[in-house]
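Given the structure of chain A, go ahead and fit chain B onto it with the hints provided.
There are 2 protein chains.
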Amino acid sequence: MMGDAIGAANAPLPPSRGVLYGVGLGPGAPDLITLRAARLIERASVIAYPALAGADSFARAIAADLIAPGAREIVMDVPMSTDRAPAQAAYDKGAAAIAAALDGGQDVVCLCEGDPFFYGSFMYLFARLSGRYDVEVVPGVTSITACAARAAMPLAARNERLTVLPGPLSEDELRARIADAESVAIMKVGRHLPKIRQVIDALGLTDAAVYIERASLPQEVVLPLADAPENAPYFSMILLTKGADPWL
Amino acid sequence: MMGDAIGAANAPLPPSRGVLYGVGLGPGAPDLITLRAARLIERASVIAYPALAGADSFARAIAADLIAPGAREIVMDVPMSTDRAPAQAAYDKGAAAIAAALDGGQDVVCLCEGDPFFYGSFMYLFARLSGRYDVEVVPGVTSITACAARAAMPLAARNERLTVLPGPLSEDELRARIADAESVAIMKVGRHLPKIRQVIDALGLTDAAVYIERASLPQEVVLPLADAPENAPYFSMILLTKGADPWL
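Keeping their order, the protein sequence lines are chains A and B. Taking UniProt numbering, the leading residue of the first sequence gets 1, the next gets one more, and so forth. Taking UniProt numbering, the leading residue of the second sequence gets 1, the next gets one more, and so forth.
So here's chain A without its partners, still in its complex pose:
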């Protein structure tokens, strides 16, 4: 018994499990990263991020200047498809690689565009890993307030409501929701732009709407909705306010 106890004391302790950090990076400008997120990224020896459909990772590009040389990078190649199974498999595989690093006692910093819990793909890793590991989420600046800042458009004050709608919703649903709303932010405009413009036009609200793409980046575009281009990128948004008196 004595020998056993001494043996147990001398055996190397299993490493304590690492922590998974889901870190919001904000809308795209590297200096809209928070101080906390910047510190976590600079110190990370393992980072993870999604890359959509074989393209370079937008999340990695935002954080590029902060990533330590020699940090290990877990890249999740997420196909863009209406069929969810391929993306699900990519997150399964990414979660397994992250879990292995956490089991080995390493912290993992997962880079997330915008905010991790606001239309972010980090939610899929959170669903897979939060039951088994410590997960800490660092909130980030969302595209909504970044777009409002660049459009010089106050979003909501006092007792006003704000409604956030994804662009892929059906024409009928968009019409009903926008008609019923005060301030509206429409996310993920992309190829849904013609449909959304038609709905807003029919409601007579075009003059109250602004189109923004790639807010805070050098390629940023801010235009009245009436002047929006024919083709919108995925990272585009429409903001619409029905004009409460902003004086007080």
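Treat the hints loosely; a few may be bogus.
One copy or any two copies: either way a pair holds, since identical chains are not told apart in the list.
[Claimed, not checked] Quick list of in silico lysine-lysine cross-link-like pairs, DSSO-like style, CA-CA up to 30 angstroms:
#1 Lys195 - Lys93
#2 Lys93 - Lys242
#3 Lys93 - Lys188
#4 Lys188 - Lys242
#5 Lys195 - Lys242
Everything labelled a hint here was simulated from the structure, so no lab data went into it.
Just chain B now, with coordinates in the frame of chain A:
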């Protein structure tokens, strides 16, 4: 003519006007300030901020460690009152002091809790000054995503809608809006907590709701709504999601 021209060339140029920065500070933790906001605050020779009802300014407290010694501080004492005239007068006075600094060629950094255009009092300064001066808004982390991070509660994914409601709305309106929503964030809960709880209870959604006060601060509270305290501070929020499958 010659003399006139020489005289004009020798006369001191009027200083170019300063720029007003509306700087979002995030939910309260000083390291949830963005790198851009931190740099602007550190370099500011004139800062401005509201202080509610004679209390210490929450905005100033968040940024305190970044404010340069010797910076001039323009404090706007905003009374809490349902009558808007006293607050309006406070913003008039603050705007005049800021305008004088801008006319003198100084930039002014206005400190804003959360995000300046998301239920922020900066909107009242923006309404008064943006017609005459260059104003730049730096977005910040909103209380909504900060609360979601602390409650470990993904807010919205894929094609889900998010509805932001102020707590002072009437019981009937809250009931109708929450019933019709997918994910809901209720801001400014404070003394409206009993009314909001009653509405959420009646809708059978209490188990889906989380109460959060002072997210990201040392005094933070995160509780199932059923366990929320009797008295909620102004900076409290309820998040409610109707539970879409978070797996993908």
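ask   = Should Lys93 paired with Lys188 be assigned to within, between, both, or neither, using CA atoms and 30 angstroms as the limit?
value = within (26 angstroms within a copy, 41 angstroms between copies)
key: Alpha-carbon proximity between Lys93 and Lys242, which holds within one copy, between copies, both or neither at 30 angstroms   = between (45 angstroms within a copy, 28 angstroms between copies)
request  = Give the relationship of Lys188 and Lys242 under a CA distance limit of 30 angstroms: within one copy only, between copies only, both, or neither.
outcome  = both (21 angstroms within a copy, 22 angstroms between copies)
message = Checking an output row: Lys195 and Lys93, CA cutoff 30 angstroms. Within, between, both or neither?
response = Result: close neither inside a copy nor across copies, 36 angstroms intra and 46 angstroms inter.
query = Is it within, between, both, or neither for Lys195 and Lys242, if the alpha carbons may be no more than 30 angstroms apart?
reply = both (20 angstroms within a copy, 27 angstroms between copies)
Figure legend: structure checked against the earlier numbered hints; the only hint not met is number 1.
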